[in-house]
Structures are given as structure tokens and as C-alpha cells.
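*Asks:* Each chain, letter by letter, is given below.
2 protein chains.
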Amino acid sequence: MPDRVYNFSPGPATLPVEVLQQAAIDIVNYNNKGIGLIEMSHRSKDFMAITVEAENLIRELLNVPQNYQVLFLQGGASTQFAMVPMNLLGPGKKGSYLNTGVWAKKAIKEANIVASAQVAYSSEGSKYDHVPADGDYTVDPAAEYLYFVSNNTIYGTQFHTMPKSDKMLVCDMSSDIMSRPFDITPFGLVFAGAQKNIGPAGATLVIVREDLLDRVAETVPTMFRYKTHAEKGSMFNTPPCFAIYTIGLVCKWLKKIGGVPAIEKINREKAAILYEAIDSMDFYRGHARKDSRSLMNVTFNLPTPELEARFVQEGAKRGLDGLKGHRSIGGIRASIYNAFPKQGVIDLVAFMKEFAKSA
Amino acid sequence: MPDRVYNFSPGPATLPVEVLQQAAIDIVNYNNKGIGLIEMSHRSKDFMAITVEAENLIRELLNVPQNYQVLFLQGGASTQFAMVPMNLLGPGKKGSYLNTGVWAKKAIKEANIVASAQVAYSSEGSKYDHVPADGDYTVDPAAEYLYFVSNNTIYGTQFHTMPKSDKMLVCDMSSDIMSRPFDITPFGLVFAGAQKNIGPAGATLVIVREDLLDRVAETVPTMFRYKTHAEKGSMFNTPPCFAIYTIGLVCKWLKKIGGVPAIEKINREKAAILYEAIDSMDFYRGHARKDSRSLMNVTFNLPTPELEARFVQEGAKRGLDGLKGHRSIGGIRASIYNAFPKQGVIDLVAFMKEFAKSA
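Going line by line, the protein sequences match chains A and B.
According to the numbering used here, the residues represented by the first sequence are 438 to 796, in order.
According to the numbering used here, the residues represented by the second sequence are 438 to 796, in order.
Any given hint could turn out to be false.
Copies of the same chain look alike in the list, so a pair counts if it fits in one copy or across any two.
Stated by the list, open to error - Result set (BS3-like, lysine-lysine): computed pairs, CA atoms no more than 25 Å apart in a straight line:
{"no.": "1", "residue 1": "K564", "residue 2": "K689"}
{"no.": "2", "residue 1": "K669", "residue 2": "K542"}
{"no.": "3", "residue 1": "K779", "residue 2": "K727"}
{"no.": "4", "residue 1": "K669", "residue 2": "K530"}
{"no.": "5", "residue 1": "K754", "residue 2": "K482"}
{"no.": "6", "residue 1": "K754", "residue 2": "K470"}
{"no.": "7", "residue 1": "K546", "residue 2": "K669"}
{"no.": "8", "residue 1": "K531", "residue 2": "K693"}
{"no.": "9", "residue 1": "K543", "residue 2": "K601"}
{"no.": "10", "residue 1": "K546", "residue 2": "K664"}
{"no.": "11", "residue 1": "K543", "residue 2": "K669"}
{"no.": "12", "residue 1": "K779", "residue 2": "K470"}
To be clear, the hints were calculated from the coordinates, so they are not data collected in a lab.
For clarity, every value in this text was computed on a predicted model and none was experimentally measured.
Could you build all of it, start to finish, from the sequences and the hints given here?
*Replies:* Below, the structure is given as C-alpha cells:
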């Protein structure tokens, strides 16, 4: 077993090793203050400073203007599926949704519980192997927003450019936030579970335009209103302190290596190496359509499920861990988020070549 | 500065140092597997085993029968204030509440948003300085449950025995769970934010009787139904992995030192030392009525706010940290949860004696 495996897990996912090492120190004795990070009151000066710093780094890295609030919530993307329509729609109102995978479909289900969803496009019929282009769908004029999932982990698809719409955009960016620059101004709201690109499980980043905060009705429980958290700087109640702290460390790491443009370049390099390998061997077959291929999750099949099982097993023996595809489409999935090292991709390709020859 | 301060913070609060040290190792390299704990997929065998072990330890330590589900959720007690009535009441139904502090009052507010709350008792008029005895209130016969907060951190009050009622009990045990044995069978549901007695911020423990899971209406968003999480062993979506892991470590520590009966004995000793000091000096005045005094949070006042401020400051200089009372009642609060060392209480009493003399 090597010191450190290459962890292709789709999330929780690999983190920069220097982040883990710093967390290990601070958990026992934060800044040499004789108190562990996870024992500190969230109202202490030290922890408040950690939260403010994490927020500021996110603003800087994603170029978030002051008319957006940056919130650290709990409950993951699945909670946002309900909170978005609870806050932005309410009974009788409608959101337009692009159904590009299971996570989009779950969001549609929740929107229909608390309000109404128009499904403007669905790629379900082709096993979600692509995302639509702008001309492929029509947004209901009565819709309040256009909702989409920028990257679909299970299928390995990604919007190469953000949809253009006269409606404000709402986006689940859980699996590709901070992987490439984007202009946030067409967005009303962006959310992301932390556990892929920006930290550990346990915190959900929500970036929401301030003027939308007042839309929520008094019939929505206090904790499920963005406004509640915005008014208290994410400190209405005890926040997920450790996850916020770790997000801050990941952001510092990202800033140090050059920020989002720099990591995009690396992400493109990593993905290109892997897709080139898939395309150059008949043995492997990519799941996603080429025009929708993801830089974060690379999905492919081998000739048989038996070979796929052997591939996963033999890969794990070599320290290439977590390559099994999602049960809904099978095959192989290599998740290569921001913190995944390029050498791991090179090693995977070497293994793919050997495996194809020997099989 | 000593190696480790005595951390009287009301939560997040002090944890056993051996728990912190183990977490520091596992975060970088879990069980020497070449992968950090917070990078592991929540669906991996290793993490599933962590979750099952944590659940089993909770069942063992609290003697939870098989007809109760043990869930790890997110969003803290504040989310439970809404989830409890969303799941157990619904429109037109009523819960009975004992208003013994701000946290009870907040729960009442949320119950009135989604259903209806009868306030059977309130100690608000006397700055929440006590909790009621069974004969002090009458529960509405139409109520589905009797809701109470077993320990009120801000005021330092605690139910010395659990209320007796022909209604099922629902309890916010955030600040005294696992501090003393109790019989769970009269309870329909018990919840607790982890960040006081059982772990770090970021997870909420919910123990709910199985037959109650089906009460929830389809109009409740999926994530806010206990049933959703119960059916998937708290893995409907990515759970707060690090917090669950740490809860497991804290439970192991507690089991090792003799379990809940053993820690109760220690808690009684610690509280007795502190209350005796308060009662033996005219200089200090306890906030809570003697029949309601908490074993977890000891609240008291000095002759003037100026002296209280100096007390907090000088205490901090000696490594007695986090003694400032909640802004709503002022004064001093010493939170001495399960993991708080007895020596810290002894040192605090020594400081109190000196301070009273010199002031």
C-alpha cells in the first residue's frame, strides 16, 4: 500500500494533503491557544475570524459582488432542492428545470411539493448522456428562474458554457464549483455541497442575490429561510464549524496555486489525458456525449460488466481507489476534482493500457 | 499559557483530548489506509462501519430499544424545532410545550408556523430561573405530545426528573444527553445537537419511535421527513461524516470510563463542588432556583456587572476560558459537560475564593 492512494471517489473526495495536515494540528490545539478547533465556541473571536476569512476567500476566488450573500448552511444539496422553491417560488409559482440527471430530477420532485416545476428539457431517455444546448429547450415565460445542474457526477456530463436565458439562473454547482471561472451576475442563486471541490461533507455553500431574500413567506419555518441565515452571517444557530474551517483551508490552497483560472487549466489537462486514452483504445467507451463531457467525472465502460468489476478490483490493488461507477449506469467513473493530482490520472491511463492489453 | 485551557464554553464545548488526538491521526490517514477520514466516500465499507458503530454505541449507552430509530441529521436543534411538528403534528394538530427558556420558546414559534402549540407552562416571568414540577401545569388533552428542554444552558436549569405525562414526551436534550441515565420508553422522540456532550458541531442526533415515522404528510419536503432518513440508515444523502465519526469516538471514550452511570457520578461531583462554593460565599449568587439547578451549566452573578467582566477577564488569563454568561441574563456561566475535567472545577473554585477576597 502506498503512503497515499489515488482517491477517485465522487464525494466526499480527495482533498489537498496540506489541508489535512493543517486540520490535524488545529483540531488538537488551534493556533497554539490550548483549545482544539472543534471545541471552540462559534461565537469566539477566533472562530468568527475563521468564518469571515472563508467567506472573503470565496468572494475573491469566485469574484462575487457585494449584492450577493455568501452563506454556510447544512443539509447538503438535497436540502437546497426544497429550500430553493420554498424561498424563491412558494405556492402557485413556477420554476423551469433542465432534467440532466438524478440530482436534477430530485430537485424537480421537491419543487413540485412546495410549488411547481416546468421540465423544459430532459435527457433521461438517453441515460442522461448529455446536457442540452441553449436552443434545445424553451423556458416557460411564467417561470421565475431556470434551474440546472452544471455538472452531473453520475453520468460525467457538464455544461461547457452556462445556459443563456432571460430568466435568472439557479444552479446546483455541487460537483464543479471553483473548477472554472464563471460570471455570477446572471445567477439568482448558486449552491454547492462542500464535499467534492471545496471541503468535507457537512456544509453547503449558498450564494444568493440579496434582493431575493425577502421573497420568502412567513409560513416557511425559520431555519429554511435564506434570510434568517443572511441576517446573522450564517450564525443564526451553531454552524458546521469544522466544515467551514476546512473550506477556508481549501480556498487558501486554491488561492496559493493561482486561483480558479489556474485550477481550470490543470483540470483541462487532467481530463484531456483521460479522454484521449478512452478515445484511443477500442476497449473503452465513454458514456457521455463528447459535447457534454465533464472535466470532473470521467465515465466509461469496458466490453463487459465482468471486466469492469475486475478493472475496479485490480485498480484498487494498485492504489487507484474508488473507480466503480454509480449503480444506476454501471461502468467506471474517475472523479478528478480540483485536488486530485495529475499523477493519479497518468497512473490510471498506464493501468488502462495494461489492462486493455492483458484482457 | 498552559498546554490546554479549561474550556467552559457552552457549546461547541470541550472534548476528551484523546478523541482530538485520534481524530488528528485519522483525518490525514484513516487506519493507515492511505486516505484521510474526511476524504472517504460515505458509501465506502469503512465509513459505513463507522456509522453503524456510532449508532450501536449510542443504543448501548442510552439503552435504546429496537423499536426506536437512531438518526444522524444536520441543521442542529433549530432545524428540529420545525421538523418535530412537521412530522408529528401537521396542520390542525397540537403539541404541548413547557417554556423554560429561549430554546423552548423558539420551538414554540416553529410549532405555531406549521401546526399549533399549547404553552402549558412558562417560567419567562422569573428570567427562566426554574423548571416546573409535574403538578405545576396541565397538558391540553388534545395535544399529541408534551415537549420540553431537559437542560436550559443559558439559565443553568435542568429537570431533575423527567416530566410524567400520559402524553408521549418529546425532548430537546442537546445540552445534557448522555450526562445521566434515563428511560427512553415514555419518549416519542429525543433530539440533541452534538456540540455539547457528544461531539463537534455539525450533526444532530435524533432518536425516534418507529411507529411515528408514518405520520408525516407527503406535503413535507423529502429531507424534512424522519422517515426518509430512517429508511436509508441516515444515508439518504451525504451525511456529516466527520461529526458522526467524532460522536463515535466520544461514545467509545464514555463507554471506556464506565458509561452513562459513571459519568453521572462525576458530573454530580463536579457540580456539587461548584454550587457549594457559590452557596458558601455571599459574594456569589446562583441564578437558578436550587430545585432546578443544572449539572451541566452553572450560572451565577457577582455583586456588579463590572466585577463580572473583571472575573471573566482574570479567569481567562489563568486558563479558565469561556466563563462569560449569555447576554440575555449576563453574569457568569460555567459549562461543565461530560468531558470537562474535574480539576478545572477545582481550579475555578480556588480562583473564585481568591477573587472574592481581593475584590
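*Asks:* Tell me the numbers of any earlier hints that the structure contravenes, in ascending order.
*Replies:* 1, 4, 8
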